[in-house]
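Residues per chain are reported as follows:
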Amino acid sequence: NAGVTQTPKFQVLKTGQSMTLQCAQDMNHEYMSWYRQDPGMGLRLIHYSVGAGITDQGEVPNGYNVSRSTTEDFPLRLLSAAPSQTSVYFCASSQGAGGYTFGSGTRLTVV
Amino acid sequence: AQRVTQPEKLLSVFKGAPVELKCNYSYSGSPELFWYVQYSRQRLQLLLRHISRESIKGFTADLNKGETSFHLKKPFAQEEDSAMYYCALRGSSNTGKLIFGQGTTLQVKP
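Line order of the protein sequences matches chains A and B.
For the record, in the first sequence the residue sitting at position 83 is 83 according to my numbering, with numbers rising by one throughout.
For the record, in the second sequence the residue sitting at position 29 is 29 according to my numbering, with numbers rising by one throughout.
Just so you know, these hints were derived from the structure itself, not from any lab.
Heads up, the beta-carbon is just placed ideally off N, CA and C, and yes, glycines get one too.
Among the hints, a few may not be true.
Cross-link-like lysine-lysine pairs, in silico, DSS-like; alpha carbons within 30 Å at most [said to hold, decoys possible]: (1) B/97 x A/9; (2) B/9 x A/9; (3) B/9 x B/109; (4) B/57 x B/9; (5) B/15 x B/97; (6) B/97 x B/22.
Some, not all, of what chain A presents toward chain B, calculated at C-beta under 7 Å [what the hints assert, rightly or not]: (7) 39; (8) 42; (9) 43; (10) 48; (11) 100; (12) 102; (13) 104.
Sequences are here, hints too, so could you generate the full structure?
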């Protein structure tokens, strides 16, 4: 049982490039979320989904897109990377009233 | 709106001392409160949920609706407790939306 799998683990982008951070869970969880973790800011919610085909914005959605075509996958797209998007990104999933299970994170640097 | 505040960025104690990590929240309904722990460069792990009223690794947390607080406590800190601790809130509408506080780094000195 892999839980929540994020790829890649590390990525360096140039300003203006686009990329997709992948997130997959094998627990048949309804809820999935993307967070970014920055020093002194804690974890901030970027986008979340309550089920396949349903997504909504979190606290800091600008510059990011998501889609949820299947229950298992919840990719995060950076449309045009900026240095302010340098961060550690975590994907998480949950079912019902349970706590969230987190992925191991993607460390992204935008130069 | 949901809001979680952890007023201390860093809490430093000696081994064997009591620990209290503060968490205050703002939410108009009945929230679900959680504590998550992140050891150095690892993924976040669920530590406690208020609805479970359990003790994990010697930690406990009680939801105080009057003071809108969910402080994390441990009577005797251990060096292996050194980590980042996050308080988190999910609203009663059960959208799955989980909001975190800024986090508190707990440093337990030998």
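For each hint given before, does the structure comply? Return the numbers of the non-compliant ones in rising order. Structure breaks hints 5, 7.
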